[in-house]
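Visitor: These protein sequences, in sequence, are chains A and B. Letter by letter, the first sequence follows residues 0 to 265 of numbering that gives the first Met the number 0. Letter by letter, the second sequence follows residues 0 to 308 of numbering that gives the first Met the number 0.
One or more of the hints may lead you astray.
Stated by the list, open to error - Think about it this way: if two alpha-carbon atoms lie no more than 27 Å apart in a straight line, the pair counts; the simulated DSS-like pairs of lysine-lysine are:
1) K77(B) x K1(A)
2) K14(B) x K1(A)
3) K77(B) x K99(B)
4) K1(A) x K110(B)
5) K1(A) x K93(B)
6) K1(A) x K135(B)
7) K114(B) x K77(B)
8) K99(B) x K135(B)
Read the hints as simulated data drawn from the structure, not as lab findings.
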Amino acid sequence: MKIRAIAMNTFSGLVRNKIIILFCAGCICILLLMLTSLMAIRAVRSGQNAEGMQMMVLPLIGQMMTFISGFGSLLAAWSAADAVSAEMRSGTVLAVLARPVRRWEFLLGKFLGVQLLMFVFVLIMLGLNYLLAWIGGATIATSPWILIVYPMTRYMIYSALGVLFVTMMHPIIAFCIVLVMMIATGLVAPGSTATFIPDWLKTGLFYILPSSNLLSETRFLTITRATLRAALWSDHVTALVYGLDYALVCFVLAAWIFHSRSLSRD
Amino acid sequence: MAAAIEFQRVSKVYKRLFSEEKLAAVSDVSFETAPGEVCAFLGPNGAGKTTSISMLMGFFFPTSGEIRVFGLPPGDMKAKEQIGFLPENFAFHKFLTAPKLLRFHLQLAGKDPDKAGNVIPELLAKVKLNGFENLKIGRYSRGMVQRIGIAQALLCNPQLIVLDEPTSGLDPAGRREVLQLLQQLKAEGKTIFLSSHILPEVEQIADHVIIINRGKMVRSGKLQELLASGGQVEILADRVPEELLQGPLRGAMVTTGPQGARILVELARKREAVEALWAAGSDVLAMTPLKSTLEELFLKEVDQPGAAK
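Work out the full structure: start from the sequences and follow the hints.
Guide: What follows is the structure, encoded as C-alpha cells:
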C-alpha cells in the first residue's frame, strides 16, 4: 500500500511537472513536422504499388518511432531524476520518510511512479504507431506486445540510471550523464562506424553501457511483411531479461546509496 | 519503561568530500526525555537543533554515540510508527488538497484511508482547516501550511510528537491555538519534543528544557528547577538606611521610589538582608522570590562569553 501510494503520488506529480509538459510539447511539435513527409508520401500513393509503399512508409515510421522512443528514454531518465530530487529539494521527503516507510520503499515507489508515466507514454506511442501506419497506408506486422514490453524495459533501464545518479548528484548532472551514456551506447554498438574510439574502450563500454539497440522495438518495425521472420521466444526472453537485470542492478545500487546518505532539504 | 528519547554522547561531524575541512554540528550531547514529558529543545540558529532532530528521525547518522526512540534505533519501523513529525519550514506536495494529503500519509502509515472513519475531517477541524478541503496546498498561506503540517504530525495518534518550530509562520492567534493544542496533547499523555524560538510559549508548556549552543549542550533539566536556580528575592521596604548599603546589603540592587525601596538580593542572602533591615528600623513590606524567565535563562546561557566554545 505504501509503495503504491508513493507511486501514484509520483505519477500525479509528474503529469503536472512543467518541465515534462514542455518536453512533451516540444516532442509533439517535432513529430508534427516529421508527419508532413508521411503526408507527402500518402499524397503520391496512387502512383505506387502497395509493396513499394510499405518499403517507403515503414522505414519512415521506424525513424519517427526511433525519435519518439529516444525521447521516451530521455523522458524516463529525467522523470526519475526529477521525481527523487524534487522531493529532496522541497523537503517533502522528510515528511514521507518520517512515516514507517523504508528508504528503498520510497525509491521503489518513485521508480514505479515513473514506470506508470512511461506506460502511458508507451500506450500513446503504440497508438501513434498504428495511426502513422494507417496514414501511410502500411501495415505493422509486429505484435503489439513487442511495441509495449521492449520500450518499457528500455525505459526501466534509463529511469533506474536516473534514480542511481540522482542519489549522488544534482538532477541536471544526472540527466546529462544518462544522455552521454545513451550517445555512447550508439557509438560503441557492434557495427558502429565511430573510428575515433579505440577498440579496447569500445569493447569495455559495450559491456558496461546498456545495450539499448538490443531492446529497440523499432528493429521489428522495419521488417516488412514480406521479409518478416518471427523472432524466437528465447531471443525475446534473453533480450528482456538482460534489460530487467540491468535495471535491477542500477536500482539496487541506487537503493544502497540512498540508504546510507543523509537526508535534508537540498 | 524505556525513555521516549535517549541521546548518549551523540556527535555529528560534517566532512566535505575530498577535503579535510570538518564541522562539528553536534558534540557529545546526552539527554533523556521521559514518556509523557514535554521537552523543549532550545538553541540559537546554527546551534545544532535541526541536525539533532534529523538524527532523531533517522535522516542523518551520528558520527558517534547512540540514539534510541522508545528503546529502538531511529529509523526503525516500529519507532517510526509511534512518531508524528513536523519538520521546520514544512513543505508538501502542492498539487494535493488537505484531505488528499492526509489520506496519502495514512497510506504511508500502512492504514486504509477508507477505514479511517472521521479521522481526517476531525483533524482538519482541530487545526481550523475545515472549509478549505477543496483548496490545493499550493495556494495555502504560510500559516495554513503550518497547520496542515501539524495535522499530519497528529495523524495516526502518535505517542511521540517531534515539532521543529511549530509556530513559525503563524500569527499570534494561530500561535495561541497551537499552544492550546499542545497543552491538550500534553494532557493526553503524549510525549512532545519541541524546538522553538518563541520562549514565552515554550515556558508555558515545557516540563524539561535542553539548551544547546554551537553543538554542545549547555543546560538541561526540569524547567521549574532551571528557572528557580540562581533566582533572586525581591524585598520591599519603606526605606533603606545608607549604612546598610555599605554593610549587609552590599552588592544588592536597590531602587528607591515614592512608595519605598525595592531591594534585589540573592536567594541565599535573604535572611541576612531582612534581619539587617529590621534591625536598622526599616519596615519590610513584602518579600517575593523572583524566578528568571526562560528567555533570561536562555540568553544567559547562550550569550555568556565562552559559552560552549
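Visitor: Decide if the proposed pair is consistent with the structure: K77(B) and K1(A), CA atoms, cutoff 27 Å inclusive.
Guide: holds (15 Å)
Visitor: Does the alpha-carbon distance linking K114(B) and K77(B) stay inside the 27 Å limit?
Guide: Given that 27 Å is the threshold and the Cα spacing comes to 21 Å, the pair holds.
Visitor: Next pair to validate is K14(B) with K1(A); report whether the Cα-Cα distance is within 27 Å.
Guide: violated (34 Å)
Visitor: Check whether the Cα positions of K99(B) and K135(B) lie no farther apart than 27 Å.
Guide: Judged against 27 Å, a Cα distance of about 9 Å means the pair holds.
Visitor: Against the 27 Å threshold, does the CA-CA distance of K1(A) and K110(B) hold or violate the hint?
Guide: holds (9 Å)
Visitor: Do the alpha carbons of K1(A) and K135(B) lie within 27 Å of each other, as the hint requires?
Guide: holds (22 Å)
Visitor: Regarding the pair K1(A) and K93(B), is the alpha-carbon distance no greater than 27 Å?
Guide: holds (20 Å)
Visitor: Would you mind confirming whether the straight-line C-alpha gap from K77(B) to K99(B) stays at or under 27 Å?
Guide: At roughly 25 Å apart (the allowed maximum being 27 Å), K99(B) and K77(B) satisfy the hint.
In summary, the one numbered hint that this structure violates is 2.
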